[in-house]
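Starting from the given sequences, assemble the full structure and let the hints guide the process.
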Amino acid sequence: MTNHITRLKAGDTAPDFEGKDQYGNLISLSSFKDKKVILYFYPKDNTPGCTAQACNLRDNFAVLKKKGYIIIGISADDEKKHKKFSDKYQLPFPLIADTDKKIIEAYDVWGPKKFMGIVFDGINRTTFVIDEKGKIEKVILDVKTKTHTEQILEEGINY
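First residue of the sequence shown? That's 505 in our numbering, and the numbers climb one at a time after it.
Keep in mind that the hints were calculated from the coordinates and are not lab data. Only a predicted model underlies this, so the values are computations on that prediction, with no experimental measurement involved. We put the CB at the ideal spot given by N, CA and C, even for glycine. Worth double-checking, as some hints may not be accurate.
[Said to hold, decoys possible] What follows is a list of derived Cβ distance ranges for each label pair:
#, residue 1, residue 2, range
1, Asp563, Lys540, 26 to 32 Å
2, Tyr593, Asn529, 14 to 20 Å
3, Asp625, Ala566, 35 to 41 Å
4, Gly615, Val567, 27 to 33 Å
5, Glu636, Ala556, 26 to 32 Å
6, Pro552, Val623, 41 to 47 Å
[To be verified] Keeping only pairs whose Cα atoms sit at most 20 Å apart, straight-line, the calculated SDA-like set for lysine to any residue is:
#, residue 1, residue 2
7, Lys605, Pro616
8, Lys588, Pro552
9, Lys570, Glu658
10, Lys585, Leu595
11, Lys524, Asp591
12, Lys587, Arg562
13, Lys642, Ile574
14, Lys513, Val647
15, Lys513, Ala610
16, Lys539, Glu522
Here's what the structure looks like:
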């Protein structure tokens, strides 16, 4: 049994979405037209892998911003949990609370997972790199939490 894999692929139009971040701001993909977006889905705030991934993106924020990227994180945690997580690790990017899983389902990242021999449904850690025209440039399925920025910046490779 392998983890669920999204049906979206490079070349597809990224589904538009709207959701509130950790500060209650309404964020939509369409508001970032003409910008490159790193949209990353992660299972849960304050877990070891999710913390490593968020901190890797935080530590490389200036490099990614210089290359024209906007970073948006999404999980099913609520705004309050996102705010605590964001404040604790001083994350300089929005974390969208998708408690009703509408965005998670639109990006097809919810599905069966296997962890320590147990199979359950949850968010499969997936990153979408979206170009200025709203097209998916890259889908990263095998996210390496501690070196995620390097994965994002590797040219022309889809995982």
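Hint check:
Between Asp563 and Lys540 the C-beta distance comes to about 19 Å, which lies outside the given range of 26 to 32 Å. Between Tyr593 and Asn529 the CB atoms are about 19 Å apart, so this pair conforms to the stated range of 14 to 20 Å. A beta carbon spacing of about 36 Å between Asp625 and Ala566 agrees with the range 35 to 41 Å that was offered as a hint. Take Gly615 and Val567: their Cβ atoms lie about 32 Å apart, and the range 27 to 33 Å holds.
Judged by the Cβ atoms, the range 26 to 32 Å given for Glu636 and Ala556 holds: they are separated by roughly 29 Å. For Pro552 paired with Val623, a C-beta distance near 21 Å fails the hint of 41 to 47 Å. For the suggested pair Lys605 and Pro616, the alpha carbons sit about 15 Å apart, so the restraint of at most 20 Å is met. Between Lys588 and Pro552 the CA atoms are separated by roughly 15 Å; this keeps the pair inside 20 Å, and the hint holds.
With a C-alpha separation of about 16 Å, the suggested pair Lys570 and Glu658 falls inside the 20 Å cut-off, and the hint holds. Our distance criterion of 20 Å between C-alpha atoms is met by Lys585 and Leu595, whose separation comes to about 13 Å. As the CA atoms of Lys524 and Asp591 are separated by approximately 16 Å, the hinted pair is consistent with the 20 Å bound. For the suggested pair Lys587 and Arg562, the alpha carbons sit about 15 Å apart, so the restraint of at most 20 Å is met.
A hinted pair counts as satisfied when its Cα atoms are at most 20 Å apart, and Lys642 with Ile574 qualifies at roughly 15 Å. The straight-line distance between the Cα atoms of Lys513 and Val647 is roughly 15 Å, inside the 20 Å bound, and the hint therefore holds. Note on Lys513 and Ala610: the hinted pairing holds, with a Cα-Cα distance of about 13 Å set against a maximum of 20 Å. Of the supplied pair hints, the one linking Lys539 and Glu522 holds, its CA atoms being roughly 16 Å apart against a limit of 20 Å.
Checked against the numbered hints listed earlier, the structure breaks hints 1, 6; every other hint is satisfied.
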